[in-house]
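2 protein chains.
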Amino acid sequence: MIAVLRWGHRIPRDSRITTHVALTARAFGADAVYVDTEDKELEETVNSVVRRFGGPFEIKTGVNWREIIRGWKGTKIHLTMYGEHIDDAIQRIPQGDILIIVGAEKVPKEFYDLADFNIAIGNQPHSEVAALAVFLDRYTHRKGLRKEFSGGEIRIIPNPRGKTVVEEHVSRRE
Amino acid sequence: MIAVLRWGHRIPRDSRITTHVALTARAFGADAVYVDTEDKELEETVNSVVRRFGGPFEIKTGVNWREIIRGWKGTKIHLTMYGEHIDDAIQRIPQGDILIIVGAEKVPKEFYDLADFNIAIGNQPHSEVAALAVFLDRYTHRKGLRKEFSGGEIRIIPNPRGKTVVEEHVSRRE
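Chains as they are written, first to last, in the working numbering: chain A, 1 to 174; chain B, 1 to 174.
Accuracy of the hints is not assured; some may be wrong.
Since the list gives no way to pick out one identical chain from another, each pair is judged satisfied if it fits inside one copy or across any two copies.
Calculated pairs, DSBU-like style, for lysine-lysine (alpha carbon to alpha carbon, straight line, at most 30 Å) [as the list claims (entries may be wrong)]: (1) K109 <-> K163; (2) K40 <-> K106; (3) K60 <-> K106; (4) K106 <-> K147; (5) K73 <-> K163.
FYI, nobody ran anything at the bench for these hints, they're computed from the structure.
Start from the sequences and build out the full structure, keeping to the hints where you can.
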């Protein structure tokens with residue numbers, strides 16, 4: 001299981017960025033995103049994408065981040081511009097259950113110790129959305145981006161010159 | 001030269017996302033970002049990162065996007081979830097001068113024709129920040145993230161357990 005923990009989410013300041021974090025998690029192969037601050041609107045936005053484009057993908061907001069980190073049985077990765085360069089560390093990160101911690105602004109010092117790895121997607125300031133995308137892309141060996149979703153109503157067919165959208169209405173027989 | 005054109009920037013709605021787009025462009029090896037709407041605050045934010053963390057990197061806002069696209073001599077790439085999957089197209093994209101067009105929300109139909117390639121970083125909805133990061137990472141063969149910047153005051157040394165920041169004050173002899 002691949003899960004993402006978004007820490008430090010503030011409404012409305014981070015609404016759009018955290019939405020991008022959540023959708024990036026889904027699109028690059030993660031199974032769930034947990035957000036520390038309760039945000040029903042964010043949940044609805046993400047769940048509406050799951051209904052339309054498919055799942056499974058879970059969002060939980062208002063979670064106790066300490067409990068999630070301490071209770072996590074797999075590997076804990078903290079993404080930070082201060083960490084080891086991804087290319088120098090990726091070989092040492094085991095495959096298996098993984099929790100990726102993505103902060104908004106400055107994070108508590110304890111994150112650096114609670115994590116098994118502090119990983120920098122380059123040591124320059126940029127974006128937690130970019131960092132999460134590239135981490136998942138590397139970690140899944142580019143396969144995250146090929147994930148097949150099921151149960152959605154809309155599917156996009158790659159098109160070099162326009163838009164091809166297939167609407168799939170599942171007929172249910174009782 | 002690698003340049004990024006951000007289209008459809010609206011203040012204040014897109015302020016943070018466009019900041020992430022610009023910083024991602026810089027951190028992943030682009031040389032410049034052009035933004036269609038004039039935004040002095042955005043310019044100042046990005047220029048302050050360049051002063052502190054180094055350059056060269058250029059930001060221009062309030063540009064005429066049609067002139068930039070039409071006048072571009074190299075390859076024009078439009079990033080869109082409707083395009084060809086990056087992994088199916090990257091081999092055909094020539095190395096050399098490249099303009100990467102990143103829209104906010106729905107873009108005019110003409111973008112699909114003006115571009116040499118319409119490229120999807122996966123055909124799922126996520127984030128233009130994520131799309132730009134992964135495109136640059138693939139296009140530069142991961143070297144964008146290793147770019148060396150010069151003239152900055154701050155340098156981050158990778159650290160697996162905390163923060164190591166070196167402040168470099170250049171002494172000037174007259």
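task = Please work out whether the CA atoms of K73 and K163 approach to 30 Å or closer within one copy, between two copies, in both situations, or in neither?
result = between (42 Å within a copy, 26 Å between copies)
ask   = How do K109 and K163 come out at 30 Å by Cα distance, when the copy is not named: within, between, both, or neither?
value = between (46 Å within a copy, 10 Å between copies)
request  = If the cutoff is 30 Å on CA atoms, where do K40 and K106 land: within, between, both or neither? Let me know, please.
outcome  = both (24 Å within a copy, 25 Å between copies)
query = Under a CA distance limit of 30 Å, which applies to K60 and K106: within one copy, between copies, both, or neither?
reply = Both: 22 Å inside a chain and 29 Å across chains, each within 30 Å.
message = My question is about K106 and K147: at a cut-off of 30 Å on alpha-carbon distance, are they close within one copy, between copies, both, or neither?
response = between (32 Å within a copy, 24 Å between copies)
Violated hints: none; the structure is consistent with every hint.
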